[in-house]
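Peer 1: Given only the sequences and the hints, what does the whole structure look like? Please build it.
Residue numbers (my numbering), protein chains in the order written: chain F, 1 to 361; chain E, 1 to 261.
No lab work stands behind these hints: they were computed from the structure.
Warning: the hint list may mix true and false statements.
[To be verified] Computed cross-link-like contacts, SDA-like style, restricted to lysine to any residue with a CA-CA straight-line distance of at most 25 Å:
| hint | chain 1 | residue 1 | chain 2 | residue 2 |
| --- | --- | --- | --- | --- |
| 1 | E | K118 | F | I219 |
| 2 | E | K118 | F | L135 |
| 3 | F | K159 | E | T76 |
| 4 | E | K112 | F | T227 |
| 5 | E | K112 | F | S310 |
| 6 | E | K118 | F | N249 |
| 7 | E | K112 | F | F229 |
| 8 | E | K195 | E | A181 |
| 9 | E | K118 | F | L255 |
| 10 | F | K23 | F | R356 |
| 11 | F | K23 | E | S150 |
| 12 | F | K23 | E | L182 |
| 13 | E | K118 | F | V216 |
| 14 | F | K29 | E | A151 |
| 15 | E | K118 | F | V259 |
| 16 | E | K118 | F | R252 |
| 17 | F | K108 | F | L135 |
| 18 | E | K112 | E | V146 |
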Amino acid sequence: MSTTAESGAQTPAPAQNPAADRKAERAQKRAERYESLTIAGILLLIIVVFSVLAPSGSFLSLDNLRNVALDASTMLILAAGMTFLLIAAGLDLSIGAIVVFTAVVAAKVMAALAGDVTIDVAQLNHPHLFLALLLGIGASLLVGLGWGLVNGLLAVRAKIPAFIATLATAGVILGLAQVWTGGLNVQGAPIQLQEFFGLGSLFGVIPWPVVVAIVVTGILWVILGWTRFGLRTYAIGANPDSAARAGINVGRHLLILYVLMGVLAAIVGVIDLARFNTASVSGHTEDALAAISAVVIGGTSLFGGRGRMSGTVIGALIPAVLLNGFVIMAIDPFWQNVAVGLVLLGAVYVDQLRRRRAQQG
Amino acid sequence: MGTTDVPVLRATGVTKRFGHVEALRGASLEVRPGEVHALLGDNGAGKSTLVKMLSGVHTPDEGTIEIDGRTVRFGTPRDAQEAGVETVYQDLALASTLPPGDNVFLGRELLKPGLLGKLGFVDRPAMRRRAAEELATVGARVPSAVVPVSALSGGQKQAVAISRSLIWGRRLLIMDEPTAALGARQTHYVLELIKRVRDDRGMAILLISHSLPDVFEVADRVTVLRLGEDVMTAPIGDCTTESLLGAITGATTLGARKEAT
Ligand SMILES: Nc1ncnc2c1ncn2[C@@H]1O[C@H](COP(=O)(O)OP(=O)(O)O)[C@@H](O)[C@H]1O
Ligand SMILES: [Mg+2]
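Peer 2: Rendered as structure tokens:
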């Protein structure tokens with residue numbers, strides 16, 4: 001019996017030599033670094049241009065940066081969830097509808113539970129303020145979870161293509177919200193929600209919605225990059241059959257991702273209610289597509305199996321920065337749509353080049 | 001190892017239907033310890049279906065499967081893996097966007113020690129190191145760190161899939177058409193590797209193939225499958241190209257006996 005070391009030397013390895021292997025490895029690392037730098041560079045360029053061109057420091061002021069962060073925060077939360085879904089080769093077009101529906105749930109529950117306002121030394125006091133906020137938020141998250149589960153069951157268990165399944169539920173969910181509210185925005189949530197959370201900030205500096213977005217995205221970033229759950233998300237997107245044959249419960253994993261997306265949409269619903277003190281039933285129609293384009297701009301593949309949370313963060317910031325910059329410079333803000341569309345086209349083109357290259361290899 | 005040993009694998013009367021298609025019609029198969037057993041058959045004979053039954057991807061409609069003399073029922077691929085049966089699938093079942101290290105440990109990831117591990121944090125350096133070691137043992141030079149599997153050559157991909165099976169397999173290694181997509185040089189490499197796994201590790205190997213030269217080079221015994229049934233089982237020494245072709249195509253099943261005398 002020969003030792004494994006000897007037997008290893010008996011047969012020549014197929015193809016390639018160590019030098020070529022090392023070269024391939026270096027090329028791979030360089031390509032990845034180049035990609036993330038390109039997209040970060042575009043964001044940096046936009047920031048530099050606005051900083052220079054905007055009237056004296058109005059763009060880089062703390063107030064303005066806070067505005068940009070606030071505008072990007074809800075999109076970042078949605079895009080972080082969408083990153084998982086796209087990497088796993090899933091999709092959710094219903095997130096905007098879930099945001100609306102869960103905001104309505106939160107507003108209705110809070111309004112119903114808080115009790116009548118008593119005017120007391122110029123303060124609005126609800127007898128059950130804390131309970132109302134707690135149950136309103138809880139109900140909203142639970143309903144978001146439920147809609148996520150519905151999406152997951154349709155796309156994963158009933159095997160309806162995610163595009164169609166979630167397009168259909170988007171209509172159903174938004175329609176139900178409109179029927180429920182008679183198409184009118186819902187008010188009556190305690191003003192304290194807006195006062196202390198929606199418009200409040202940590203240490204008086206970082207707006208609470210931004211804090212929530214940073215914490216949520218940070219946790220999802222770590223899960224995607226460093227845990228078994230993250231690794232399996234990539235594997236499922238690359239090839240679900242292979243993942244299943246490696247012993248991974250693919251259906252359950254995807255179901256969890258849809259549920260996660262529903263909960264994240266509910267978090268955004270609550271933030272939205274808190275910021276505007278109104279559950280708007282007419283907004284958020286473009287949330288799903290905006291989130292998808294942020295994720296794709298960030299380098300995540302529409303074909304599954306490839307993507308990074310760092311890219312998503314930049315991809316979510318670019319539209320917010322563009323819109324803010326155009327407003328400050330008094331350029332028609334509709335140009336933001338044009339600019340984001342062009343960046344998106346570039347990102348998708350790069351993704352397809354990369355995919356073609358990988359298939360040839 | 002004598003032939004009186006309990007077979008590593010015994011499949012008896014296995015039947016599998018897909019709607020109206022009867023892919024397997026009472027197929028039986030016996031793999032003995034330490035042998036390379038070739039499973040031959042024409043396209044559509046039911047080879048891959050039988051493999052999927054043995055590796056827990058499908059469950060048989062009828063029939064039994066025994067591992068080391070114990071009847072098993074594989075409901076999932078994990079069940080088969082836990083019984084020591086590893087499979088290198090015809091399509092290799094790799095995640096093409098992940099590097100070899102991640103692929104080798106897919107579904108059985110190594111976790112960090114301590115609290116981080118309990119939270120599900122993977123130990124990537126350890127996975128890459130172990131994968132690189134195993135790849136070196138099978139004599140493959142594959143960049144293990146960051147290059148995704150899609151960038152590897154056919155032989156290197158094959159080596160990654162085989163390494164995964166060797167790290168985990170204990171009793172039986174199933175290989176579904178491992179050389180079908182390879183050139184001459186890489187085919188030679190894989191066949192040498194099969195012999196080495198048998199000789200060095202004492203693992204039994206079920207080799208699915210429809211290349212007769214491959215079978216003559218590495219197999220100890222042969223079973224021929226035709227239209228979902230096993231029509232012939234014989235030691236390779238008793239077979240000729242003609243007898244095997246006859247059994248595969250159904251022209252004759254007497255060839256083996258005639259040639260053996
Ligand atoms: N999942 C499936 N659904 C329907 N028919 C199948 C499926 N898998 C295999 N078959 C059929 O079963 C028969 C045997 O196929 P297979 O086991 O792949 O043969 P082989 O691997 O020997 O070429 C073929 O007729 C094939 O079309
Ligand atoms: Mg086959």
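Peer 1: All hints, please: hold or fail.
Peer 2: Going down the list of hints, with the structure as the test:
{"no.": "1", "hint": "E:K118 / F:I219", "verdict": "16 Å, holds"}
{"no.": "2", "hint": "E:K118 / F:L135", "verdict": "32 Å, violated"}
{"no.": "3", "hint": "F:K159 / E:T76", "verdict": "20 Å, holds"}
{"no.": "4", "hint": "E:K112 / F:T227", "verdict": "10 Å, holds"}
{"no.": "5", "hint": "E:K112 / F:S310", "verdict": "23 Å, holds"}
{"no.": "6", "hint": "E:K118 / F:N249", "verdict": "19 Å, holds"}
{"no.": "7", "hint": "E:K112 / F:F229", "verdict": "14 Å, holds"}
{"no.": "8", "hint": "E:K195 / E:A181", "verdict": "19 Å, holds"}
{"no.": "9", "hint": "E:K118 / F:L255", "verdict": "22 Å, holds"}
{"no.": "10", "hint": "F:K23 / F:R356", "verdict": "20 Å, holds"}
{"no.": "11", "hint": "F:K23 / E:S150", "verdict": "16 Å, holds"}
{"no.": "12", "hint": "F:K23 / E:L182", "verdict": "24 Å, holds"}
{"no.": "13", "hint": "E:K118 / F:V216", "verdict": "21 Å, holds"}
{"no.": "14", "hint": "F:K29 / E:A151", "verdict": "13 Å, holds"}
{"no.": "15", "hint": "E:K118 / F:V259", "verdict": "23 Å, holds"}
{"no.": "16", "hint": "E:K118 / F:R252", "verdict": "20 Å, holds"}
{"no.": "17", "hint": "F:K108 / F:L135", "verdict": "11 Å, holds"}
{"no.": "18", "hint": "E:K112 / E:V146", "verdict": "19 Å, holds"}
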